[in-house]
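Peer 1: Here's the letter readout for the chains.
Number of protein chains: 2
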Amino acid sequence: MTILGGMELHLWFIEEQAPGMALALKAMGTIHREKTEYQDLAVIETIDAGRALVLDGCIMTSDMDEFIYHEMIVHVPLCVHPSPEKVLVVGGGDGGSIREILKHDSVKQAVLSEIDGKVVEAAKKYLPNTSCRLDDPRCSIMIGDGFRHVNTHPAEYDVILCDSTDPVGPGIVLFSEEFYKGVYSSLKDDGIFVAQTESPFYYRDLLSKVSQTLKGIFPIVKTYVTVMPTYPGALWTFTLASKKYDPVTCVRRVDLKTKYYTTELHKASFALPKMVEDIVGA
Amino acid sequence: MTILGGMELHLWFIEEQAPGMALALKAMGTIHREKTEYQDLAVIETIDAGRALVLDGCIMTSDMDEFIYHEMIVHVPLCVHPSPEKVLVVGGGDGGSIREILKHDSVKQAVLSEIDGKVVEAAKKYLPNTSCRLDDPRCSIMIGDGFRHVNTHPAEYDVILCDSTDPVGPGIVLFSEEFYKGVYSSLKDDGIFVAQTESPFYYRDLLSKVSQTLKGIFPIVKTYVTVMPTYPGALWTFTLASKKYDPVTCVRRVDLKTKYYTTELHKASFALPKMVEDIVGA
Chain A
1 MTILGGMELH
11 LWFIEEQAPG
21 MALALKAMGT
31 IHREKTEYQD
41 LAVIETIDAG
51 RALVLDGCIM
61 TSDMDEFIYH
71 EMIVHVPLCV
81 HPSPEKVLVV
91 GGGDGGSIRE
101 ILKHDSVKQA
111 VLSEIDGKVV
121 EAAKKYLPNT
131 SCRLDDPRCS
141 IMIGDGFRHV
151 NTHPAEYDVI
161 LCDSTDPVGP
171 GIVLFSEEFY
181 KGVYSSLKDD
191 GIFVAQTESP
201 FYYRDLLSKV
211 SQTLKGIFPI
221 VKTYVTVMPT
231 YPGALWTFTL
241 ASKKYDPVTC
251 VRRVDLKTKY
261 YTTELHKASF
271 ALPKMVEDIV
281 GA
Chain B
283 MTILGGMELH
293 LWFIEEQAPG
303 MALALKAMGT
313 IHREKTEYQD
323 LAVIETIDAG
333 RALVLDGCIM
343 TSDMDEFIYH
353 EMIVHVPLCV
363 HPSPEKVLVV
373 GGGDGGSIRE
383 ILKHDSVKQA
393 VLSEIDGKVV
403 EAAKKYLPNT
413 SCRLDDPRCS
423 IMIGDGFRHV
433 NTHPAEYDVI
443 LCDSTDPVGP
453 GIVLFSEEFY
463 KGVYSSLKDD
473 GIFVAQTESP
483 FYYRDLLSKV
493 SQTLKGIFPI
503 VKTYVTVMPT
513 YPGALWTFTL
523 ASKKYDPVTC
533 VRRVDLKTKY
543 YTTELHKASF
553 ALPKMVEDIV
563 GA
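Protein sequence lines, in the order shown, are assigned to chains A and B.
So that you can map any letter, position 179 of the first sequence is 179 in the numbering used here, and since no number is skipped, the others follow by simple counting.
If you want the numbering used here, it's the position in the second sequence, counting the first as 1, plus 282.
No lab work stands behind these hints: they were computed from the structure.
All figures in this text were calculated on a predicted structure; none of them were measured in a lab.
Don't take every hint at face value.
What the hints assert, rightly or not - As a list, the in silico DSSO-like pairs of lysine-lysine whose alpha-carbon atoms are at most 27 angstroms apart:
no., chain 1, residue 1, chain 2, residue 2
1, B, Lys549, A, Lys257
2, B, Lys385, A, Lys209
3, A, Lys108, A, Lys181
4, B, Lys549, A, Lys259
5, B, Lys549, A, Lys274
6, A, Lys259, A, Lys108
7, B, Lys556, A, Lys267
8, B, Lys539, A, Lys267
9, B, Lys491, A, Lys259
10, B, Lys556, A, Lys257
11, A, Lys274, B, Lys539
12, B, Lys541, A, Lys215
13, B, Lys308, A, Lys267
14, A, Lys86, A, Lys244
15, B, Lys385, A, Lys274
16, A, Lys124, A, Lys35
17, B, Lys556, A, Lys103
18, A, Lys274, B, Lys556
19, B, Lys541, A, Lys26
Take the sequences, apply the hints, and build the full model.
Peer 2: Encoded structure:
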């Protein structure tokens, strides 16, 4: 014991994000931990990335870069639709997407359809920066199955976002053709859908399949990219499917307080790296 | 010993890229290791990222993503200059930048000014995918000080690239005003300079200072971004300084075999995230 005297506790959270590749974050410790009906839920306090929500051992959101993901999944479709009033988020229990959606004055109602109520509870309690707008009167939280929700709310939404976990566990159905057909039916005639579709470094086949499947349902389907330092592969994709508006040519310049998104970056994010073009088509 | 019977050797290379944040790569082992005059040099064979060159404990290049860095540092300036014939790389001993430069038919001579000859030797021997064009007759390798080189070769180059290590150790002088003045003098009247300028997540002040310093020397200075999964922060910047050609409006469409670069991505990479605009100016 003597030789360790005076040293600090070094606790490392290590996520093996791909076979043989891990992100390690030094942590002060666990703020919260529980087994929910659906998953293992933890909130950790890290030195470098701030607070992080960890589901089944995978970082879902951290203070370091959550703004990139949430701004890019939200503002791209909401600045394309001419007047988004009703928006649905499937997943997204941390509240980051809701926070960004409510920056748009046109939005009258933002509905969160999260299957695991414990994620919402933990976010409200332990992730105040991300969940800060979940109690807004324009936000409705529905704890339940997003798949069922889109299939029982026809022609209701201007924009639907799939802010899902990876395609494992409870999130897997949210990458299926059946879900996308439900999304199509739940959107109004000029509606827009965006899904997070993982990194081309590790989910090449998934990205290709989602793109192909959506092209069979929607007239306009385009992939866009961003960078997520805490996610496996860092190069991250979103796939946008639209009934009417082209996401590159129909961009409105909206006055938004952001840390990542700009109108120019919106357009630029549809210019794909060759390796992504090769997966989804140019 | 019995309880470990049958298990494989698990060797993890762990690079603490920022205080409290590390990238970990499972490795088959060390291919090569030496102390050179300038640094600790290692080549490791990883499971997920292929072969990696590690200098002073930091990954410089890996098979996984070296093509992104090298394509983006090279093809942006070489597709802006109307006819780049003579190109200088300061640093870049792994040979990746030379490989990309020699894809341009206009180039008559690519000069590599690398201070550590052992890096070039190790790359030739152990990193064949990256170093494959170092023996090309159009490539001249000068082992020596890049700072001295630019100050003794006036008005000689069409394009100069600073493919340096981080601003520590031997690389620190390559981020100085004196070096940039030497670069300016070593470029022809319509020359272009590009430097790798780290991640805005961890080198905010450096990025700001380099941009400001170059704006005091060159008439046109613009920052562009890419994603480097194995580098700290993943969101990576390059700063381009040009005597005559605007890097966004003067892009030539060159027929290149690439994995990342496209003409559209070239233009898009100058659309900066708000957090980068805030550092370097819009």
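Peer 1: Please write out, lowest number first, the hints stated earlier that are contradicted by the structure.
Peer 2: 2, 13, 19
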